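If you're matching them up, the sequences are chains A and B in order. Yeah, the first sequence ends on 349 if you go by my numbering, and it's all consecutive. Yeah, the second sequence ends on 499 if you go by my numbering, and it's all consecutive.
FYI, nobody ran anything at the bench for these hints, they're computed from the structure. Careful: at least some of the hints might be erroneous.
[To be verified] Mimicking DSSO-like on lysine-lysine, the simulated pairs with C-alpha atoms at most 30 Å apart in a straight line are:
#, chain 1, residue 1, chain 2, residue 2
1, B, Lys218, B, Lys81
2, A, Lys151, B, Lys294
3, B, Lys81, A, Lys144
4, A, Lys142, B, Lys294
5, B, Lys8, A, Lys151
6, A, Lys142, B, Lys106
7, B, Lys469, B, Lys493
8, B, Lys419, A, Lys151
9, B, Lys218, B, Lys8
10, B, Lys81, A, Lys151
11, A, Lys144, B, Lys424
12, B, Lys106, A, Lys144
13, B, Lys237, A, Lys142
14, B, Lys81, A, Lys133
15, B, Lys421, A, Lys133
16, A, Lys142, B, Lys186
17, B, Lys17, B, Lys81
18, A, Lys67, B, Lys238
[Unchecked claim] Sample of chain B residues lacking proximity to chain A, with all beta carbon distances greater than 12 Å (derived):
#, residue
19, Asp70
20, Gln338
21, Arg395
22, Gly489
Keep in mind that this is a model prediction, so the values were computed, not measured. Don't be surprised by glycine CBs; every beta carbon is placed ideally from N, CA and C.
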Amino acid sequence: MINILEQVVLYCLSKLGKERSSSSVFHLLNGKKSSQTIQDSYLFQLDCFFHTAHHLTRDQYEIIISKLIKHEFMYISSDQQIVISESGQLLIKKMYSMYPFLKNLQGGKYHNCMQFWERLSLLIQVCSNQVNKQTSYIPVQKSKDTQNWIKHLFSTSVGNSKDFPHQLLQELQALLESSELEVDPSVLVARFSGFQSIGLTEMQTIEMLGIEENSYRFQFQALLHYLMRTIEENPTAYPLLARMAVTDELHQLTASAKKTFELIKKGKGIVEIGRIRKLKESTIQDHIVEIALFVNGFNIDRFVEEPLQERIKEAVQKASSKQLRKIREIIDVDYFQIRLVIAKFGDLL
Amino acid sequence: MMLEQKLKTHFGYEQFKIGQKEIIEALLQGKNVLAMLPTGTGKSLCYQLPAYLMEGVVVVVTPLLSLMQDQVEQMMARGEKRVVAINSFLEREERGSVFGRLHTYKFIYISPEMLMNEFVVSQLNKLVISLFVVDEAHCISQWGYDFRPDYLKLGDIREALGSPQTIALTATADQEVRSDIVRTLKLEGWEEFVSSVDRPNIKMVVDYIHDTREKLDKLLEWVSFLQGPGIIYFSSKKLAEEVAVMLRDSGVPRSMAYHGGLDQESRILIQQQFIKGQLDVICATSAFGMGINKENVRFVIHFHMPLQLESYLQEIGRAGRDGENSISILLYSPYDEQLPYQLAEGELPTEFQIRWLFQHFGDQLLCEWEEMEETIRQIGGFTDTSWRLTKDFLRSLSNSMDLKIEEERFIEYVDNRKKLKRKKIVEMLNWIQSKECKRKKVLSYFGEVTHGNVDDCCSVCGIVYDHYKIKCTEVVEYTPFQWRDYLRGLLTKSGTSYE
Chain A
1 MINILEQVVL YCLSKLGKER SSSSVFHLLN GKKSSQTIQD SYLFQLDCFF HTAHHLTRDQ
61 YEIIISKLIK HEFMYISSDQ QIVISESGQL LIKKMYSMYP FLKNLQGGKY HNCMQFWERL
121 SLLIQVCSNQ VNKQTSYIPV QKSKDTQNWI KHLFSTSVGN SKDFPHQLLQ ELQALLESSE
181 LEVDPSVLVA RFSGFQSIGL TEMQTIEMLG IEENSYRFQF QALLHYLMRT IEENPTAYPL
241 LARMAVTDEL HQLTASAKKT FELIKKGKGI VEIGRIRKLK ESTIQDHIVE IALFVNGFNI
301 DRFVEEPLQE RIKEAVQKAS SKQLRKIREI IDVDYFQIRL VIAKFGDLL
Chain B
1 MMLEQKLKTH FGYEQFKIGQ KEIIEALLQG KNVLAMLPTG TGKSLCYQLP AYLMEGVVVV
61 VTPLLSLMQD QVEQMMARGE KRVVAINSFL EREERGSVFG RLHTYKFIYI SPEMLMNEFV
121 VSQLNKLVIS LFVVDEAHCI SQWGYDFRPD YLKLGDIREA LGSPQTIALT ATADQEVRSD
181 IVRTLKLEGW EEFVSSVDRP NIKMVVDYIH DTREKLDKLL EWVSFLQGPG IIYFSSKKLA
241 EEVAVMLRDS GVPRSMAYHG GLDQESRILI QQQFIKGQLD VICATSAFGM GINKENVRFV
301 IHFHMPLQLE SYLQEIGRAG RDGENSISIL LYSPYDEQLP YQLAEGELPT EFQIRWLFQH
361 FGDQLLCEWE EMEETIRQIG GFTDTSWRLT KDFLRSLSNS MDLKIEEERF IEYVDNRKKL
421 KRKKIVEMLN WIQSKECKRK KVLSYFGEVT HGNVDDCCSV CGIVYDHYKI KCTEVVEYTP
481 FQWRDYLRGL LTKSGTSYE
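Just chain B, with the same shape it has in the complex:
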């Protein structure tokens, strides 16, 4: 009972979500843990709650900077001020003061790049680390769709920190990836908690559209039919923008686009408008959703095909966090897989680019490349992601290496990544085209079996779409903006304010 009380005091929740309590108990018994919990089931609580019951500091390694900022912000908003994010955003001057106060923090979020720094590790070593958290742990595995070379070194770093008690968290990892995680982190003895990736309240629909030209019409049809709020995912910023305008012009006035091309202020505002219920539909790229806690998303539509089942699950997982029935719809028309193939290629450097790099810069690649980074990137025509990968590789080079061998090794590595990505797309495509139950099929991909019948399971098993139909067509009354009222409403006690 005691744990429930702590949950109430620190987080304000009455009870644990499925899986959380077992994990926390294992941690409190001093065990290492590998936990796979689907998105939206409260992964971070699994280490945040025990943190309050353990002496010392919790170090959280997480690869996505935006996600790190979000997490830290949400903790601050909750009232936990003893939290800090150490990553490349941290200004030089700030860095000094953060390291000076390191012992005053309870939670230290850190990027893998920063952990590669010996000074940083030595500073962390002065602290008592109660728990070492590896978030998005699937990034460790070369078999994972989101492999990050930096993550490979986490095992050594963990050792350098005195092998503290560790929890590795991930939303999606098959058996192969899971054993990679344990091996790389050098965990001796651990307990594994694998919850089902199944979210029965999210219904899975694949809508086959024979003619690509009808796809937009079909999308508009769905959006005006379905109960919101909802998210529509696109692979292109431009299309996300265009569809948002189209929706606003055709009866869904509270629709906005969200993508990485917007300025920061707009991104925050649109995110918050959606969370507070001022928007019904977000037309987004995959930049949207990470770290967003909105309980009542009722539909997720994919206009383009995701690059792998893992991303698909992650994105539809943003629906129905309140446990209520929700629907996910993937629109597919013939040859849609061409776009993912192109995008996947763009994420990797080509063999031609790699050969060019070695031919032109030769020995300079060993140490001087950082000064020429912009030039190399521009002339070489590297995309953001392909350059990040190349950079990671260049960083790993040292003087004693034979560049000729390294060149071939890198080309082979990239070639393997390419094959892996293509394989992921094929799997995604197979799932789309399969005539089997969609839920059963995706579960078997993660080595699970279905647990029984789900009502309105998927488009193969059959769905009563009316269950997801918009309930009341709320007429949004147009009232002209009155700045005096609005300003007064903001700065005086609510009651007369918005909604």
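This is chain A alone, in the form it adopts within the complex:
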């Protein structure tokens, strides 16, 4: 029996085709914050799976690979390439109909969904205790960030925080009744804590609902991603939750890329930033690619002139493959410039 995680791995491998090594799928599911991994995820339309199996270890991944080969869903060709077999193709086709909730995954955009979860679960606990006039209890989330965020939420809403519990209930009910959810809302709700009742742990929920572990983790994330997307698309319908879901673009950047971004905003160039930060130029270039991926409206004209951007776009479309080497056979520019254009316009190409 092939489980959902194995199926997702197979799916990702088929998308990457012959252009990347098998370990790039591991990095993708694991959510490795390297510009190569992040960029690949967009390039091959696999960004929805980014960071969605962050528990996965290298060993576990290797076991999945050998299992897929053993069951003949794929094989290794004589030139060391992974080739998906016919039965593998069939399995891939069935994936979304078997697990319809997977279509709600948006790991690339919402890989910080655990922060959303922490805020949501703490807000519910606080509201539940407020409704019952209980002031002394142990918070279920210990992160200082999350606790400060809640404090901030309440201190900036003097007067109307009284309505929070009611408002929260209304908004959550509306969201969770949606037919697009594709999962049992218990996956999330059973884990909420409040006055006099402490929520279940992940493992307890898995046991109670009798769901396979990997499937549970995908369902939980798909549900969070769905909530975050719906709230973001329609903030006026969910005013309270909308205050929580604000995706902080900068939050998605690695700490080092953030520092580089600060210097770019001050007008510094690549060489200068490299000198200031005592880093290699190529590292700074990696940061810029990362920034282009995550920061909407980041202008890359300084690094690639506009006419050149157009020519690179054309080349990417014409190239037989998405390997940078193949693209550079058509147009003679820096790898950095190609990567930057793909990062910026990836989804349009």
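For this one, chain A is given, so just place chain B on it according to the hints.
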């Protein structure tokens, strides 16, 4: 009468527990205090209440970070917001703002490592310190089972802070350890309050099982017989997990494992579920229990043998805090002492490791080791605890020292620790195998005599086990989880909610 009123206003209790009032009175008279109070008798109240009656800030030194976080959290939950924990968890940026606001706090909890920092001491020196509290004071003594080298310097630090009035607190300390505490802290004049470690409402049972293979069956038998809620202690995470699953499958559905290997969220949830009565049994490692206030724990079982009587007392002390009769059971089968010996060895670096360290790194150990910490740890194969000890030692080195001498000194030190730990295990084993009254025997270990007859005293004196039998086998009805009801229950006024 006035003190009782303060107790009511600040803590909501009607009366003091045994020993508390005398200690508080001594503190209010300006005396230094050394207090030994058994676990679960409200040690922290002894300095928290006087704090409200004294001008200035109370500085609390406590070695266990998790315990510190718990204490601070419980105070916050009680409504005391003027409290802060200063330890290595504090982020660099946060640190700045905490030191900027230092004078606004009433309670400053601090780890001994942070006190080693001159800047920190100079900041504390700007405050009026009304009381200097040394928690877990037995860590000061080399004779204690839980010696922490950092604690040795607390006397100098206390002097640097202008020798403020001091209270040293501990749950277990024999005479030798107690005099070490006073000497190290350089207390001139002090009053000593030593309450009995005896908790008559906790019954002591040693259950001898001749065949190790029957131990698990016997455990299941006990758990299904006894009135809960209860805690079962294991020395292994894996076994704690496995037994929790076994219990869930065999008629004790509300059982969970708790150990340091779980993620933080799960740990909080399981702890809180137990406290709120959603769980009956916790299968735990020693990571569980510190800082947990649950009044009605009815049994504590030790599946493995603790490493010393002090830990044993501390762990069974989590039962019966409400004063009701409770039972503690230690399961022993032949050769069980092998595991504690192994664990004790693992807590210390071996001579081979120490020699290797000095041979390979030589002079680098004087200053550069911190940059290579991960590498040294990995190649050297140090366990968490053995590395902590080694690190403390490396920190104490300075340029003027002869490394050859220090190497030998460290080896000798570790060797002494090893002997001490073995001695503790032997004492534990002697207690287990003794044919004397268990209570009398453990009390005499702490230099006490029994105060009279205790009903259902111990397995030697005789116990009517039916007194601890499960009263009503409450059938836990299985109702499928209804998310709509649950969510509504959480966010609307209770009455229809859980329980």
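Results for each hint:
| no. | hint | result |
| --- | --- | --- |
| 1 | B:Lys218 / B:Lys81 | violated, 47 Å |
| 2 | A:Lys151 / B:Lys294 | holds, 28 Å |
| 3 | B:Lys81 / A:Lys144 | holds, 15 Å |
| 4 | A:Lys142 / B:Lys294 | holds, 20 Å |
| 5 | B:Lys8 / A:Lys151 | holds, 29 Å |
| 6 | A:Lys142 / B:Lys106 | holds, 22 Å |
| 7 | B:Lys469 / B:Lys493 | violated, 37 Å |
| 8 | B:Lys419 / A:Lys151 | violated, 52 Å |
| 9 | B:Lys218 / B:Lys8 | violated, 45 Å |
| 10 | B:Lys81 / A:Lys151 | holds, 13 Å |
| 11 | A:Lys144 / B:Lys424 | violated, 40 Å |
| 12 | B:Lys106 / A:Lys144 | holds, 21 Å |
| 13 | B:Lys237 / A:Lys142 | holds, 23 Å |
| 14 | B:Lys81 / A:Lys133 | holds, 19 Å |
| 15 | B:Lys421 / A:Lys133 | violated, 50 Å |
| 16 | A:Lys142 / B:Lys186 | violated, 38 Å |
| 17 | B:Lys17 / B:Lys81 | holds, 25 Å |
| 18 | A:Lys67 / B:Lys238 | holds, 27 Å |
| 19 | Asp70 | violated, 9 Å |
| 20 | Gln338 | holds, 31 Å |
| 21 | Arg395 | holds, 27 Å |
| 22 | Gly489 | violated, 7 Å |
Violated hints for the displayed structure, listed by number in ascending order: 1, 7, 8, 9, 11, 15, 16, 19, 22.
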